[in-house]
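My request is simple: use the sequences and hints to build the entire structure.
Protein chains: 2
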Amino acid sequence: MKRRHFLKSMTALGSTTLLATQSHGDIRYLGPPARTMGTRSIHEQLEKTLYGQMQTHALTPLQDLHGIITPSELHFERHHSGIPDISPEQHHLYIHGLVNKPLKLSLQDLKRFPSVSRTCFIECAGNCQDYFKKGPQTPLQQIAGMTSQSEWTGVKLATLLRETGLRKNAKWLLAEGGDAALVTRSIPVDKAMDDAIIAYAQNGEAIRPEQGYPLRLLLPGWEGSSCVKWIRRLEVGDQPWMTREETAKYTDPLKDGTIRQFSFIMDTRSVITTPTFPSQLEKGWHEIRGLAWSGRGKIKRVEVSTDGGGHWQPARLQEPVLSMAHTRFNIPWQWNGKETLLLSRATDENGYVQPTASELIHARGIGSLRYHNNGIMGWRVKSDGSVLYEIVA
Amino acid sequence: MKRRHFLKSMTALGSTTLLATQSHGDIRYLGPPARTMGTRSIHEQLEKTLYGQMQTHALTPLQDLHGIITPSELHFERHHSGIPDISPEQHHLYIHGLVNKPLKLSLQDLKRFPSVSRTCFIECAGNCQDYFKKGPQTPLQQIAGMTSQSEWTGVKLATLLRETGLRKNAKWLLAEGGDAALVTRSIPVDKAMDDAIIAYAQNGEAIRPEQGYPLRLLLPGWEGSSCVKWIRRLEVGDQPWMTREETAKYTDPLKDGTIRQFSFIMDTRSVITTPTFPSQLEKGWHEIRGLAWSGRGKIKRVEVSTDGGGHWQPARLQEPVLSMAHTRFNIPWQWNGKETLLLSRATDENGYVQPTASELIHARGIGSLRYHNNGIMGWRVKSDGSVLYEIVA
Chain A
1 MKRRHFLKSM TALGSTTLLA TQSHGDIRYL GPPARTMGTR SIHEQLEKTL
51 YGQMQTHALT PLQDLHGIIT PSELHFERHH SGIPDISPEQ HHLYIHGLVN
101 KPLKLSLQDL KRFPSVSRTC FIECAGNCQD YFKKGPQTPL QQIAGMTSQS
151 EWTGVKLATL LRETGLRKNA KWLLAEGGDA ALVTRSIPVD KAMDDAIIAY
201 AQNGEAIRPE QGYPLRLLLP GWEGSSCVKW IRRLEVGDQP WMTREETAKY
251 TDPLKDGTIR QFSFIMDTRS VITTPTFPSQ LEKGWHEIRG LAWSGRGKIK
301 RVEVSTDGGG HWQPARLQEP VLSMAHTRFN IPWQWNGKET LLLSRATDEN
351 GYVQPTASEL IHARGIGSLR YHNNGIMGWR VKSDGSVLYE IVA
Chain B
1 MKRRHFLKSM TALGSTTLLA TQSHGDIRYL GPPARTMGTR SIHEQLEKTL
51 YGQMQTHALT PLQDLHGIIT PSELHFERHH SGIPDISPEQ HHLYIHGLVN
101 KPLKLSLQDL KRFPSVSRTC FIECAGNCQD YFKKGPQTPL QQIAGMTSQS
151 EWTGVKLATL LRETGLRKNA KWLLAEGGDA ALVTRSIPVD KAMDDAIIAY
201 AQNGEAIRPE QGYPLRLLLP GWEGSSCVKW IRRLEVGDQP WMTREETAKY
251 TDPLKDGTIR QFSFIMDTRS VITTPTFPSQ LEKGWHEIRG LAWSGRGKIK
301 RVEVSTDGGG HWQPARLQEP VLSMAHTRFN IPWQWNGKET LLLSRATDEN
351 GYVQPTASEL IHARGIGSLR YHNNGIMGWR VKSDGSVLYE IVA
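Protein chains in written order, with our numbering: chain A, 1 to 393; chain B, 1 to 393.
Please note: incorrect hints may appear among the correct ones.
Note that identical chains are pooled: a pair holds if it fits in a single copy or bridges any two copies.
[To be verified] In silico lysine-lysine, DSS-like type, Cα no more than 27 Å apart, as pairs:
1) K111 to K300
2) K283 to K156
3) K111 to K382
4) K338 to K111
5) K111 to K283
6) K298 to K156
7) K101 to K283
8) K134 to K111
9) K156 to K111
10) K283 to K104
Keep in mind that the hints were calculated from the coordinates and are not lab data.
Here it is in structure tokens:
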């Protein structure tokens, strides 16, 4: 497609007008002075959607965001017993069990260790669990809003574990949060020694309370519930603990009657963020935009179909493309006013291709799709310009 | 230096204690449910410092931030007539002058064009203008806090100018802001066609009012005042307009009596962010951390001296290292308790090395250093552990 042609078509927007210079100087705005904390414009009304009878979830408005950083206030939330208010003076991280030298570390202690920063997504394993739900249309955030991205800073867990030393039979760590639910997950030592981070900062400043202040475990590419918030204890052992959150929850019943457990890694996925419900399209040129990510590495390719899967075109990937990170994609599209179906399909650097729901059901059974449902999503564009979520079985 | 040794030394922090498992389960925090907007912890008190008799500046607390993203609320501010409250319904961007087809574009129009995102710094040309000021010690933010970094999203200005078409004699653009000061700057067409962006989003959401809501001009690597906020007009001409902000202000008197004008590009610089005043150091291992950036490309190397310039060691650069972007550097350092002077020195990908103030004065004269003073900064560590800013002439 020729860009020149694309741009020429864009001016059919209706507001392109010939102007005389003298018409620009009439409105001038005087305002208040600088402030110690900036604020949002009163003309913008972005917020998370609450979910769950007990307001245990808050969902990121993916359809309204740009780029790859999620504002910290809009990072999705999933709590098992609310948001604790923890004073860093009274909080410590304990590391004990099959180690040579147990450790008790304060936030201040941790800040003296060598620091690392990493921009990566955190996604709840249950994201898109309402993929098959029929009912009233909702914005994308209520279907796929349990993924968000921040620049996290902290200490590599490997740094701390080299400090404690690991005994020969050390195979698993129990990560325990300081909330009332005492959320606990068993984490393989290999991941802990690879790229795990004890994070104390998010997007430049202290982690927000709802994200685990003062400390959270960050396991890049792994399901959100394993990135234990308000982390206060790591116990090293020789086998997993079989906690509630890895037995009753966050496991995947397969079609052969067995249960898939410790399915930590978030599979490759893409979502179109615009146009989505409740967009109202006009004929002409649009940019289809979205996010793609993989818990197994970098996104290599995103393809978009504007005819329900008949043809696929590669989208542009916005640099930098980071490993285990939301990656912005976009592609221009000229809508001719006829009903059609928009789809996106991501491929990661390992060659894994985002599956259809049918392929997922064939491989694992429909019972497995409460968690780790990374199937292709569809957006039906009606001839009246409305855009509706559509189950792509 | 052997990491193993470093880590062993870190445990001299005083809080390392042997523990029994049963001591971890006594405190559990119940809290409120999820919220539509997250908040900061009440235990964190970060804010900008106001500056100027009329509160025309607000300075970023660089010494307290992590990673490379500045939270939008903490992005530095510099206003010439306060923060206008502009309704996007009443705001347009006009492009006219030496073009074939003038344009009037609303925020909604601009959002339909192909979008780009870019993470880069914006720095005031007057950052570090108090470099030589003697007086009471202040945190780093009051010396160097007029630089901040965001992920910006918008439309490439080249896309819009291809749409209007440029006449043969088009050489400069006048960029005009919608504040009461009508801040105006002349911008060369070459920069406009290269990497300039009309930005509508910052760190994922709408630009903040104090950063130019609804639209700002982003000129990556160029001085902040040229990145005109609340932009409402671009007039294309064949010569610069010689506005107040490029004649009476933002020019550099040189030692030969001439004036350097249109010195847009922010030169390569680094600042140590920790330890800085009012840190109070203990003997032992620390991590020296800082930021480096260049308006001419990527940072290639940052060297740190812990003996006042006698020896220089390369610091680690945190990936991703982006062009015209704050780049985080860090290096471990064992303080022996004796008085010393800490310095950092950045080199960009073009081989440009951050100068000393003496070199700057030799080249341009001391009168030029109100703007574009990118000289090396010093932090004196006293034997009592206090850390004081020191002029490095």
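Results for each hint:
no. : hint         : result
1   : K111 to K300 : between (35 Å within a copy, 26 Å between copies)
2   : K283 to K156 : between (51 Å within a copy, 23 Å between copies)
3   : K111 to K382 : between (54 Å within a copy, 22 Å between copies)
4   : K338 to K111 : between (57 Å within a copy, 23 Å between copies)
5   : K111 to K283 : between (54 Å within a copy, 15 Å between copies)
6   : K298 to K156 : both (21 Å within a copy, 26 Å between copies)
7   : K101 to K283 : between (67 Å within a copy, 23 Å between copies)
8   : K134 to K111 : neither (48 Å within a copy, 31 Å between copies)
9   : K156 to K111 : within (11 Å within a copy, 39 Å between copies)
10  : K283 to K104 : between (62 Å within a copy, 20 Å between copies)
The structure fails hint 8 only (numbered hints given earlier).
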